[in-house]
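Visitor: Now for the letters of each chain:
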Amino acid sequence: MGPLLSVLDVRKHYEVRRTLFSVAKETIRAVDGVSFHLGVGETLGVVGESGSGKSTLARCVLLLEKPDSGEVVFDGVNLLAAGGEEVKKLRKRMQIIFQDPYSSLNPRMKVREIIAEPVRFHGMAKGKPDVEARVGEILRSVGLDEDFLKKYPHEMSGGQRQRVAIGRALATGPALVIADEPVSSLDVSIQAQIVNLFLDIRESTDISMVFVSHDLNVVRFLSDRILVLYKGKVVEIGGRDQVFLNPLHPYTRMLIRASRGDFALREEGTNGTGSRGCPYYDKCEDRTKECAGQAPELRGGEDHRVACLHAS
Amino acid sequence: MIDTKDNTLLEVTGLNTSFFTGEEVIRAVNDVTFTIGKGEVFGLVGESGSGKTVTAHSIMRLVHPPGRIVSGRIVFEGRDLLELSEKQMEEVRGSRIGMVFQEPMTALNPVLRIGEQIAETIEIHGVRRGNGVRERTLELLRQVGFDDPEKRYIQYPHQLSGGQRQRVLMAMAVSCDPSLIIADEPTTALDVATESQILGLTCGLVDSLGMSMIFITHDLTIVKSMGRSVGLMYAGRMVERNRVEDFFREPLHPYGRGLLESVYGFSGSAKRLKAIPGSVPKLSELPSGCKFHPRCPFVMDVCKGDEPAMKEVAKDQWVRCYLY
Numbered sequence: 004m005g006p007l008l009s010v011l012d013v014r015k016h017y018e019v020r021r022t023l024f025s026v027a028k029e030t031i032r033a034v035d036g037v038s039f040h041l042g043v044g045e046t047l048g049v050v051g052e053s054g055s056g057k058s059t060l061a062r063c064v065l066l067l068e069k070p071d072s073g074e075v076v077f078d079g080v081n082l083l084a085a086g087g088e089e090v091k092k093l094r095k096r097m098q099i100i101f102q103d104p105y106s107s108l109n110p111r112m113k114v115r116e117i118i119a120e121p122v123r124f125h126g127m128a129k130g131k132p133d134v135e136a137r138v139g140e141i142l143r144s145v146g147l148d149e150d151f152l153k154k155y156p157h158e159m160s161g162g163q164r165q166r167v168a169i170g171r172a173l174a175t176g177p178a179l180v181i182a183d184e185p186v187s188s189l190d191v192s193i194q195a196q197i198v199n200l201f202l203d204i205r206e207s208t209d210i211s212m213v214f215v216s217h218d219l220n221v222v223r224f225l226s227d228r229i230l231v232l233y234k235g236k237v238v239e240i241g242g243r244d245q246v247f248l249n250p251l252h253p254y255t256r257m258l259i260r261a262s263r264g265d266f267a268l269r270e271e272g273t274n275g276t277g278s279r280g281c282p283y284y285d286k287c288e289d290r291t292k293e294c295a296g297q298a299p300e301l302r303g304g305e306d307h308r309v310a311c312l313h314a315s
Numbered sequence: 021m022i023d024t025k026d027n028t029l030l031e032v033t034g035l036n037t038s039f040f041t042g043e044e045v046i047r048a049v050n051d052v053t054f055t056i057g058k059g060e061v062f063g064l065v066g067e068s069g070s071g072k073t074v075t076a077h078s079i080m081r082l083v084h085p086p087g088r089i090v091s092g093r094i095v096f097e098g099r100d101l102l103e104l105s106e107k108q109m110e111e112v113r114g115s116r117i118g119m120v121f122q123e124p125m126t127a128l129n130p131v132l133r134i135g136e137q138i139a140e141t142i143e144i145h146g147v148r149r150g151n152g153v154r155e156r157t158l159e160l161l162r163q164v165g166f167d168d169p170e171k172r173y174i175q176y177p178h179q180l181s182g183g184q185r186q187r188v189l190m191a192m193a194v195s196c197d198p199s200l201i202i203a204d205e206p207t208t209a210l211d212v213a214t215e216s217q218i219l220g221l222t223c224g225l226v227d228s229l230g231m232s233m234i235f236i237t238h239d240l241t242i243v244k245s246m247g248r249s250v251g252l253m254y255a256g257r258m259v260e261r262n263r264v265e266d267f268f269r270e271p272l273h274p275y276g277r278g279l280l281e282s283v284y285g286f287s288g289s290a291k292r293l294k295a296i297p298g299s300v301p302k303l304s305e306l307p308s309g310c311k312f313h314p315r316c317p318f319v320m321d322v323c324k325g326d327e328p329a330m331k332e333v334a335k336d337q338w339v340r341c342y343l344y
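Chains A and B, in that order, are what the protein sequence lines are. All letters in the first sequence, in the order written, are residues 4 to 315 by my numbering. All letters in the second sequence, in the order written, are residues 21 to 344 by my numbering.
To be clear, the hints were calculated from the coordinates, so they are not data collected in a lab. Be careful, since some hints might not be right.
Some chain A residues close to chain B (C-beta under 8 Å, calculated; not the full set) [stated by the list, open to error]:
id	residue
1	Ser53
2	Gly54
3	Ser160
4	Gln196
5	Leu202
6	His217
None of the values given here were measured: they were computed from a predicted structure. Glycine included, C-beta positions come from ideal geometry on N, C-alpha and C.
Generate the whole structure from the sequences, applying the supplied hints.
Guide: What follows is the structure, given as structure tokens:
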């Protein structure tokens, strides 16, 4: 069986004015030629700092942003070439969970309506009793009891709201769920509850997941494979243990050290390389002259690849 | 002068700070007590709304209406800050206690050059005069890791990156040679690589200048690598004060244990994380007794009655829990 999702050389650039009045425009390469595959039931962790393009990538996969070029192949269909009706049909099977469950839930809807809406829209159940039954079932699967049916988002805590958002995403029985920093806005003591909920979903279904986070500990706990993004480019991709136990890119190594509380003391680089060299040149500890001249290609075997001239 | 132990720089005792909104009284900081020694780095941790920032603002006397410091003592360098006049307090702020805030862009004046802003701080507090001011400013820029201080001197805040702005704030905070720095989540707005650099720089600077620091954060990993002692806050209370090594080896309070397990449980071979059940209570709807009891795995009947007091279980180890 082929992969459920194939992302091939996807690019999304934005043009912005440098200042309010300037004519010259600058190109932000939010996603710059990213490729990966995702198998059925597999979880891919996407890590990187703010501005690395993680969220834009997540949105491109679901066509919430239209990529400038590349292919997004879901279940054998290239979404960028498919017609509107076909995309709508596939949408049912692709869902997204956002970072902030307060702004992603309609404040004027009760939990019952929030979850029933996608159930009805995608025809997952027909008739009131069936819809009610399905809504109750979904709510239980995310660890909430029936008392919550009548609540509005503002009557719930952040963790409970995120459970509702996850329930809404699961309501259509998706094959792919993209979670964009789903625990970062939650209190530390609540994060573990939600991480455990994702773990339950992984174990009890064959949903494929793309889990976007800047928190390496969370990603390591939940993912089968890891993709490290820096300035819109994949700098390292591989199996979870390969990447964590044998990180090949200097940026990945820095992220892992920082997640353990081992802090560096180093002058911030100046933007010296322009667009030709390695994107991590400015901050790299292992940089040499060659790194400024050419951007490294992603290379290595199927289970672990890295974009660094000096990785062996 | 109030008598303090030799090595003590700051002694906060029974601090209560509340916000009076309409008919409600929100008790943001409740009976908070701790001391900081000379040269000590104290990590103040807790989740959002636990009272960390209000504690810091109380020490600086920057609590604005409807908030008010209701009671307590804040003895700093032998004087109770709560008894000083506003004018005396202005001299303490900046020159004796420096503060670094979370959002570096809003803390800097966008239309003043970097050098002028640092120089202004030095002039106001009268540390140097004339040519000495410029020299001192350039020296500070060098100390916070800029290789080209002359160039930075004439730049504006928008020309710097977030990490560079945070360094400028650090330079301003240490410019008058204060004995205490209060840093309130200074790296939360930064990305990982920059955060790591700023934390390294901050540690080195505070250490080499022999200053004490209160480092406020929600990130346990940062406390682990920076602090010497730690204060854990929950629902406006300090529930544990401990040495950093001891806290991370064996935290005293059940909330501390739960936090460590939910953050560091990842590294073990466990299949699931041990999560703390329930959710953080709102300050307006606190439970009776120990504020953590509805979420506590060790809850006893006594926990639901009166709130436990802070108890010293060993030297430098305090906990607010009936288990001890």
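Visitor: List in ascending order the numbers of the hints, as given earlier, that are violated by the structure.
Guide: Every hint satisfied by this model.
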